[in-house]
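**Student:** Sequence:
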Amino acid sequence: MKLVNMNDVANLAGVSRGSISNYINGKKTKLSTQKKIEEAIRSLNYVPNATARSLKTSKSNFVVFIVPTVNSPFFSELSYHMQQELQQNGYKMILCNSNNSSKEEIEYIQMANTQKVAGLITMSYADVANLVDTNIPLVSIEKRVSDDIPLVISDNYAGGRLAGEVLTNRGATRLLFISKRPVRNISAVREKGFLDYCHENNIAVERFLARKRTNFIADFKRFISENIVDGSFAYDGVFSDSDEYASDFYNLLIHAGIRVPSQVQIIGFDGSRVYPRQKIILSSIKQHTEIIAKTAVEKLLTQFDDHKVGTFFGEQTTIPISFEKGSTTK
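To convert, count from 1 in the sequence shown and add 90; that's our numbering.
Wrong hints could be hidden among the right ones.
[To be verified] Think about it this way: if two alpha-carbon atoms lie no more than 16 angstroms apart in a straight line, the pair counts; the simulated EDC-like pairs of lysine to aspartate or glutamate are: (1) Lys420 <-> Asp326; (2) Lys182 <-> Glu388; (3) Lys415 <-> Glu255; (4) Lys282 <-> Glu255; (5) Lys311 <-> Glu334; (6) Lys420 <-> Glu255; (7) Lys282 <-> Glu296; (8) Lys282 <-> Asp245.
Simulated from the structure, these hints should not be mistaken for lab results.
Kindly produce the complete structure, drawing on both the sequences and the hints.
**Tutor:** Encoded structure:
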């Protein structure tokens with residue numbers, strides 16, 4: 091099928107190609123010429139390209155999405171759903187990987203300001219509140235940027251509590267929280283939910299945080315070896331603030347001869363798959379990436395439609411979590 095172009099519209103309307111260009115770009119055109127062009131466009135079902143449309147409407151159809159990394163199932167899955175959701179609403183996504191660098195995040199935000207993109211969705215860990223043009227609609231995920239900007243976040247505290255509940259309901263009595271220093275932001279909230287549940291229900295619980303930033307696996311390995319007596323690990327239930335650390339700990343336990351889940355049960359946090367049919371091995375508190383993406387885009391579109399940029403004082407949308415059973419719990 092031949093694609094309709096600007097020349098086809100010009101020929102049918104009986105006007106010059108320049109007149110078509112002027113009309114698309116919002117320049118002054120005679121009323122009679124406008125009517126001819128509009129009739130030709132309708133007849134041919136002509137759709138101007140994205141650049142032309144944005145020039146006519148003075149509005150870009152690009153949305154910048156900033157993530158700390160794409161090198162994890164959670165962020166990859168979220169990026170996919172974000173792209174799908176934006177596309178369904180007529181927008182293109184520009185994915186920016188900040189590599190957990192505040193400097194790179196700031197550069198991307200400055201780029202968004204310069205290019206006058208339609209909007210910005212960020213999982214930023216930098217202090218960006220003063221760097222975002224107030225005329226650019228913005229939604230943050232996980233971390234609040236400012237009281238003026240809507241926040242979409244999973245129920246991290248409930249997730250921590252749910253992990254404690256699941257482990258104890260499955261027979262664990264000596265629980266352990268593991269992570270890497272420093273535990274902050276949403277990780278600290280997940281830890282607090284877990285510890286609060288244990289303390290409120292008089293369940294024995296301790297925490298171990300790896301001190302080494304790069305070779306933290308060595309800290310995990312040392313801790314495990316120091317807490318194995320007569321073939322048994324000192325704890326029978328383990329929760330981590332991420333699937334990554336929980337998976338590392340699981341593999342180290344198996345290597346040390348500890349049976350999972352018969353001797354030790356393990357729960358992580360995220361519950362994302364590398365591919366849709368992947369068999370879940372690690373039990374996890376699942377974040378629902380499709381709902382997060384849909385909600386974030388809805389909050390962005392509301393700002394487009396109602397011109398409410400900067401009026402979402404303290405607005406927060408909390409997305410429920412759930413437990414997804416793998417083979418690391420009974």
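**Student:** Against this structure, judge whether each hint is valid.
**Tutor:** Hints and how they fare:
no.: 1; hint: Lys420 <-> Asp326; result: 11 angstroms, holds
no.: 2; hint: Lys182 <-> Glu388; result: 15 angstroms, holds
no.: 3; hint: Lys415 <-> Glu255; result: 13 angstroms, holds
no.: 4; hint: Lys282 <-> Glu255; result: 14 angstroms, holds
no.: 5; hint: Lys311 <-> Glu334; result: 15 angstroms, holds
no.: 6; hint: Lys420 <-> Glu255; result: 13 angstroms, holds
no.: 7; hint: Lys282 <-> Glu296; result: 12 angstroms, holds
no.: 8; hint: Lys282 <-> Asp245; result: 12 angstroms, holds
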